[in-house]
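A.B. asks: Residue numbers (the numbering used here), protein chains in the order written: chain C, 1 to 327; chain L, 1 to 244.
No wet-lab data here; the hints were simulated from the structure.
Bear in mind the structure is a predicted one, so any value in this text is a computation, not a measurement.
Be careful, since some hints might not be right.
Straight-line C-alpha distance at most 20 Å; calculated DMTMM-like pairs for lysine to aspartate or glutamate [unchecked claim]:
#1 L:Lys18 with C:Asp220
#2 C:Lys249 with L:Glu185
#3 C:Lys244 with L:Asp64
#4 L:Lys199 with L:Glu221
#5 L:Lys18 with C:Asp162
#6 L:Lys167 with L:Glu190
#7 C:Lys249 with L:Glu38
#8 L:Lys19 with C:Asp49
#9 L:Lys18 with C:Glu163
#10 L:Lys19 with C:Glu218
#11 L:Lys42 with L:Asp23
#12 L:Lys60 with L:Glu102
#13 C:Lys249 with L:Glu70
#14 L:Lys179 with L:Asp23
Simulated coverage check for chain C against chain L, where a stretch passes if three residues somewhere in it have a Cβ under 8 Å from a Cβ of chain L [said to hold, decoys possible]:
#15 93–105
#16 108–118
#17 186–197
Here are the simulated distance ranges between beta carbons [to be verified]:
#18 C:Ala289 with L:Gly163: 36 to 46 Å
#19 L:Asn173 with C:Thr126: 46 to 56 Å
#20 L:Pro103 with C:Phe276: 50 to 60 Å
#21 L:Glu28 with C:Phe276: 55 to 65 Å
#22 L:Glu28 with C:Arg169: 25 to 35 Å
Every residue gets a Cβ at the ideal spot worked out from N, C-alpha and C, and that includes glycine.
Spelled out from the first residue to the last, the chains are:
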Amino acid sequence: MLFFAHTFEQTVSYYYLARILTVIVVGIISTHLLRAVIKKMNWLMLPIDKVLPKLFIAVIITSIFFILFQMGVYQVFNLSENKRKLDFTTRLLANMLNIGIFIIPWTLIYYFIHYIEKSSKQQLDTLKLEALVKELELKTIKSHINPHFIFNALNSIRALVDENPIRARTAITELSNILRSSMQAEKLETVTFEKELNIVKDYLALEHIRFEDRLQIEYDIDEDTLDQPIPPMMLQTLVENAIKHGISKQVNGGRVKISSDFRDDYHELVIQNTGFLNGAANGDGFGLASTKNRLMLLFGQKANFDIREVNGNTVEARITIPVSLAK
Amino acid sequence: MIRAIIIDDERLARNELKKLLLDFPEIEVIAEAANANEGVEKIDSLNPDLIFLDIQMPGKTGFDMLSELERAPNVIFTTAYDEYALKAFEVNALDYLLKPVEPKRLADALQKLQVEEDKEPLSDHPISVNRSILNEHDQVFVKDGERCWFVRLSDIRLFESVGNYAKVYFGPNKPLILKSLNALEERLDEKVFFRANRKHIVNLRLIEKIEPYFNGGLLLEMKGGEKIEVSRRQTVKFKEMMSL
Chain C
1 MLFFAHTFEQ TVSYYYLARI LTVIVVGIIS THLLRAVIKK MNWLMLPIDK VLPKLFIAVI
61 ITSIFFILFQ MGVYQVFNLS ENKRKLDFTT RLLANMLNIG IFIIPWTLIY YFIHYIEKSS
121 KQQLDTLKLE ALVKELELKT IKSHINPHFI FNALNSIRAL VDENPIRART AITELSNILR
181 SSMQAEKLET VTFEKELNIV KDYLALEHIR FEDRLQIEYD IDEDTLDQPI PPMMLQTLVE
241 NAIKHGISKQ VNGGRVKISS DFRDDYHELV IQNTGFLNGA ANGDGFGLAS TKNRLMLLFG
301 QKANFDIREV NGNTVEARIT IPVSLAK
Chain L
1 MIRAIIIDDE RLARNELKKL LLDFPEIEVI AEAANANEGV EKIDSLNPDL IFLDIQMPGK
61 TGFDMLSELE RAPNVIFTTA YDEYALKAFE VNALDYLLKP VEPKRLADAL QKLQVEEDKE
121 PLSDHPISVN RSILNEHDQV FVKDGERCWF VRLSDIRLFE SVGNYAKVYF GPNKPLILKS
181 LNALEERLDE KVFFRANRKH IVNLRLIEKI EPYFNGGLLL EMKGGEKIEV SRRQTVKFKE
241 MMSL
């Protein structure tokens, strides 16, 4: 307004200054009132289509308020232009249009700034929540060690105390290693494959005590892969499943084979066990689905996990982790 | 002397239990089995008083094995950790031991068994009795989905034929078992269980009311409120039996 005043009026009269002052004061008061209403009614939280009609009415009311106020002030201080003599309603409408042109964009700008601010905050909150959920998911997967295994192992060890005390002693060490690593797993994102493999070896040694000749164990490990990072307890969980769903279901037992090698730019881990899939991949889905999620969270989209039946009597689980991404 | 069989797929677990049982001279372990099929075989041939039964076994679970048996012996379950199974126990108050077994718990379980035995001698096996016929004091193991029961035959009021299955009525429960009514009739004591018609076998001791029915038949009302029609042909037999 001041800008307009300066460009179009060369001489700034007393009347003009007073009128501009009035407009500014009235403008500040009325838009503040509008803002108070918007805040009080919580319109910022409403979706756009609901808020627009309300906003429109509010703007009209504000404009009327503005005009009446302005005209009242003009009247009292005798500031009105004397050039044209118009009746009250025409002046009201004309002024309303005049003022509305300023109030509408003003309100819209105000509204949209807040709207954008709010929605970006909302997005941030959603992201934070997702991150939290993922973290929790990882924790529950990591700390998973089958209690059935622990108590069976303890039972076997108790029987071994008399039968083979030396084996019983090593078995206790093996069990402590597994328990310790499952507790530490919660704190770590990844461990070296070597560390994880040692746990799995302890685990299978214990299961071998239980199953005796019903369980054959085979390793085919490329030594260069031992330094590769993998998520803690992931191999362990898969081997545990191989025993639980594979070997322990077979009257005559079977074989568990663990292979680790490089293939192209990937570190490939394969766990094979005697048994059948039986829709376990879908039914018992939480473990398998979360294994895949966990890999992707840690190593990106190129990491993969799948499980399938091969040769009619073997279940094969395969983890692939891109080497370049894994430092 | 209680003759017992241990059924568990792990040799060490069997050994451990045998060792614990050495402290109980009244228990004689007469055999061991490493899976459900072996278990059924040995139970059928040796007819033990008691079995220690592992739940998780390769092939068939302990529950599956029990439901295959004609007559369930006394059972003490052994399990390392099995939430679902334990839930089933709690509902039906069956006894179980958690591995590794605490000697005190084992003593309690055996004690409880002795008390029950004294109250109602289950297997005072008189040599002359034909074991292929089920006595009314015999118990059967019934499994229906997640739930399972040990039921004494004397508590069963009605068998109803449903296709290849038979619905077993006892208390508020009516689970299905995979047995035909004809097969059941052969094994049940005819002094207690009566074939009322093509579809029903009733327990004569659990009849509430008898009313005449059309065509010279009878209508039986069981203790549980079920109304069973006795066919005309069977009515003659029924009257004969009841007049004795």
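A.B. asks: Hints broken by the structure, by number, lowest first?
C.D. replies: 1, 2, 8, 10, 11, 12, 13, 14, 15, 16, 17, 20, 21
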